[in-house]
Amino acid sequence: MSVNTIKKKLNKQDIGHFLMNNAIIIVLFALMLVIIALEPSFVSLKNFTNILAQASTRTIFALGVGTIIVAKGTDLSLGRQVGLAAVISASLLQAPNYAYKMYPDLPILPVIVPILLVMLITGLFSGINGLVVAKFKVDPFIATLGMMVIVYGVTSIYYDRPPYGAQPIGGLDPRFANVAQGSIKLGGITIPFLVIYAVIAVTIMWFLWNKTRFGKNLFAVGGNSEAAAVSGVNVGRMLIMVYILAGLFYGLGGSLEAARIGSATNNTGNGYELDAIAACIVGGLSFSGGIGSIAGIVTGVLIFQVIAYGLAFVGVNAYIQYIIKGLIIIIAVAIDNRKYIKRK
Amino acid sequence: MQEEANNKFLLEMNGISKEFPGVKALDGVTLKVRKGSVHALMGENGAGKSTLMKCLFGIYHMDEGQIRLEERDVKFTSSKHALDNGVSMVHQELNQVRSTRIMDNIWLGRFPTKGIFVDEDKMYKDTLEIFKSLDIYLDPKKKVSELQVSECQMVEIAKAVSYNSKLIVMDEPTSSLTEKEVSHLFKIIRNLKSKDVSVIYISHKMDEIEQICDEVTVMRDGQWIATRFIKDITTDEIIRLMVGRDLSNRFPPKANQPGAVILKVENLTAVYQPSISDVSFELREGEILGIAGLVGAKRTDVIESIFAERQATGSVKLRGKAMKFKSPKDAIKSGFALVTEERRATGIFPNQDIFFNSSIANIDRYVTFASVLDQRKILKDTNWVVDSMRVKTPNNKTRIVSLSGGNQQKVIIGRWLLTEPEVLLLDEPTRGIDVGAKFDIYQLMIDLAAKGKGVIMVSSEMPELLGITDRIMVMSNGRLAGIVNTNETTQEEILRLSSKYL
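So the sequence lines, in the order shown, correspond to chains A and B.
Counting in numbering that gives the first Met the number 0, the first sequence runs from 0 upward without gaps.
Counting in numbering that gives the first Met the number 0, the second sequence runs from 0 upward without gaps.
Keep in mind that the hints were calculated from the coordinates and are not lab data.
Treat the hints with caution; some may be incorrect.
Unchecked claim - When the alpha-carbon atoms are kept at most 27 Å apart in a straight line, the in silico BS3-like pairs for lysine-lysine are as follows: (1) A:343 - B:332; (2) B:391 - A:343; (3) B:263 - B:320.
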C-alpha cells in the first residue's frame, strides 16, 4: 500500500471507526501505559510471565463460557463446576504420605486419570444444562442458575464427609502440583506450564470456531437459530454439544486450579463465572449471539489480569481496583454497542 | 420444444384443504405448475396463498389433499426436507444469519469438509460459480449484514439454486426492490427458466405478472378460483377474479366532511438520514389522509417524525400552534396518537390482558389520590373499547395474544381512542387482518373523522387508500412526490408518483 492510499484511508471518519472497533485493545494499551508511566519497572519478563500464568486458567474458563455465549446462551454454573472439578481431582491426587487423605487406601493414580474423570463429570453436568436449554426451552440464565446451586450442593456433600469433615483438601501429590506450578526454561525464558496449556486450549478452540463445521454451525445457531434450523442444522444437538464442550473446559481448568492453589474446598471457583462472562463481553462477545472471536476472549481476560496485577504493582488500593474493573465492564460494552445502535 | 416441456407438470397440488379453529383457510385448492414455467399465485391478503405454501413445505399439516412432485406423491415434513427434494422458498422475511458471510449462509447445514476442517476454498469457488451462472456479482466473503435487501434476496435465490432446486417459490420478491433491481431479478428468473426450473411467483403487482409469468392461479377466500395462461387473460379480468365482489362493499360509506386545517407540517426533515427530507403538507379536520409509496419510501418515518418517535427538524403546527415535542409522551399529551405498524413488536403487550392493553396509554387519567388507579374507571373504559370496537373476546381478562390479529388491532386502536386524540396516526392498520375486521376499522376511522378529528393512514394497499381516504400523499425515496385528491386519482398516477425520485 502506498503512502498516499494510507493517508487517504486515514480520514477522520475512518479513525473514528478504528477507535470504535478496537476500543477494547486501546483501553488495554492505555492502561498498560499508565501503569508503566507510574512504575517503569513494570516492564519486565517476570511480570509478563506472571500475568500470563495467572490468566491461564481464566482463559480456559472464558473459552468455555464464551462458546456458550456465541450460541446465545450463558452459564452461571461455571464457578461451581470449577469447584466440583477442583475438589474431586484434589481428593484423588493427594500425596501418598499425607496424613489427612480423603481416600487413605487409594493407589497412586496417573495424574491424567483424575483430570479426565472430572472433565467427564463436568461435561455431563454441563450437558444436562444443554439438554434443559435445548429440549425444555428453559432460558439459559435460569437453567444454569439452578445448576449452579445443584452443583454446589453436590460438591459440598462430596467435600464435607467424615473422617475429616469440611477441611480443605490439601497435601497434593507433588506430581499433580507440578502440573500447574512447574515451568520449562526455553533459552533463558521461563515458561510456566499453565501458559502452555492455555495456548493449547486457545489453539484448539480457535480451530474449532473458525475451521470446523461445528464452528460454522455455532455462529449460525447463535446468530439466527431459525435460519440454521431451516437449513438443516440440528439446533438442539448443537446446543447440547456446545454446553458439553464448555463443561470439558471447566473440568480441565478446575483441576489445574486445584493444582495451582495447592488445595481445594467446596468454595473454590466461587464467582469465577462472572469474571469469565465479563471477560468475554469486554472482549466483544454479545449476548445477542453469533458474534465474537477467540482473540477477543483472550484480550478480555488479559485486560482484567493486567488491571489486577498492574494496579496492585503500582500500589492501588484493592477496593479501588474493584471500581475500576466495574467501570471497564460497563464502558467497554457501552462503546462496543455504539456499533449496533440504530439511531432514529 | 417449449410447448412440449410445458405440457409436463412439475408440481401438482390437488384438493388441498386446511382448517383452523373456526376458519376454513383452504378449501379444496388446486395448483399445478408446469416444468420450466413461471406460475403466478394471486389473491388478496388473506386469500390463503401463504397457507397453501406452508402446506407445501410441511409447516402446516393439510387436512385433505395430495401433493405430487414429478409424478411422485410427496409429503414434506420441514423446509429442509423440501429443500433436499428440490423445492425451496425465497421468503419475504429473509431467514438468514446476518452476522456471518454470504458463503456461510449458502452452505449452512452442509458445509463441505476436507478432513475435519471446513473446506473454505471449495465454498468460495462453488459460491462464485453459482453467482456467475446467475449474473450475480457479490463477494462471497462479504457479511450478509452489509448487504442491501435485494442482494440478500439474490443470495437466497443462489442458495436455492445451489440445492439444485427444481421449484423455487418467491413470496413478494419485488416488494423492497428498485426498478433496476427488479429487472435484474427478472433476468435471473428467465435464466432459471432456461434451466428448466419452475417458479411460483407470489405478487400483487400486475405489470410484473404480465412481464414475467406464463400462467396464473387466482385464489379467493381460501378457494381456487381460476388458472389461466397469462396470454389469455387481461389484468382487469385477473383483478375481477381476485376481488370477486363489488369493490364498494368492502368499504363503509364515507360520512366525513373535511373542514378547516388542523395540522400543518412544514419542511419536516429527519436528523438521521437516510430518511425523510423536506416534507410539507396539511391535514384538515374530518379528513382521512393516506400516505402511499413503495417499501423504503419512508412513509413510516413521516408519522414517526410528527410523533417525535424519530428526531426531525421542521415545524408541526396543531390548529396554528407550534408543537415542539421532545418525546412521544409530549405528542400524546398534545393530542396525537400513533398506532404502529409492527403490532407484535411495538403494539401489544402480549402476556397482558385486554384490560391492561386498552388502558396502558391512558394511565395518567386514572390516577386518583396517592397515585392509586381508579379501577372502576379503567373497567368502564375497557368495556367501552370492547363494545365500541366490536372486539370479539370471551371477556376482558383474556390475554391479548389469544385474540385474532384483527381483534388485537381493534384493542390497540381503542387504546388510542381513549386518549381522545385530535390527530390519529395509523401505520398499516389493516395489515394481516381479515376482511370483516378491516371493515370495522374503516368504519372507526370514518366515525372519528366525522367527529372532526384528523386521521393519517400509511398503507401499502391500494384499494383501501382509494376506498376510504380523502386525499393521498405519495412518498418516493424519502421525499414528498405529490398529494392527490382520492376521487380524482388513479392507481397508475399513484404508482407513477411513487417512483418519481427513485
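Is the Cα-Cα distance between residue 343 of chain A and residue 332 of chain B 27 Å or less? holds (21 Å)
Tell me if the straight-line CA distance from residue 263 of chain B to residue 320 of chain B falls inside 27 Å. holds (9 Å)
If you draw a straight line from the CA of residue 391 of chain B to the CA of residue 343 of chain A, is it 27 Å or shorter? violated (36 Å)
Comparing the model with each numbered hint stated earlier shows that hint 2 is the single one that does not hold.
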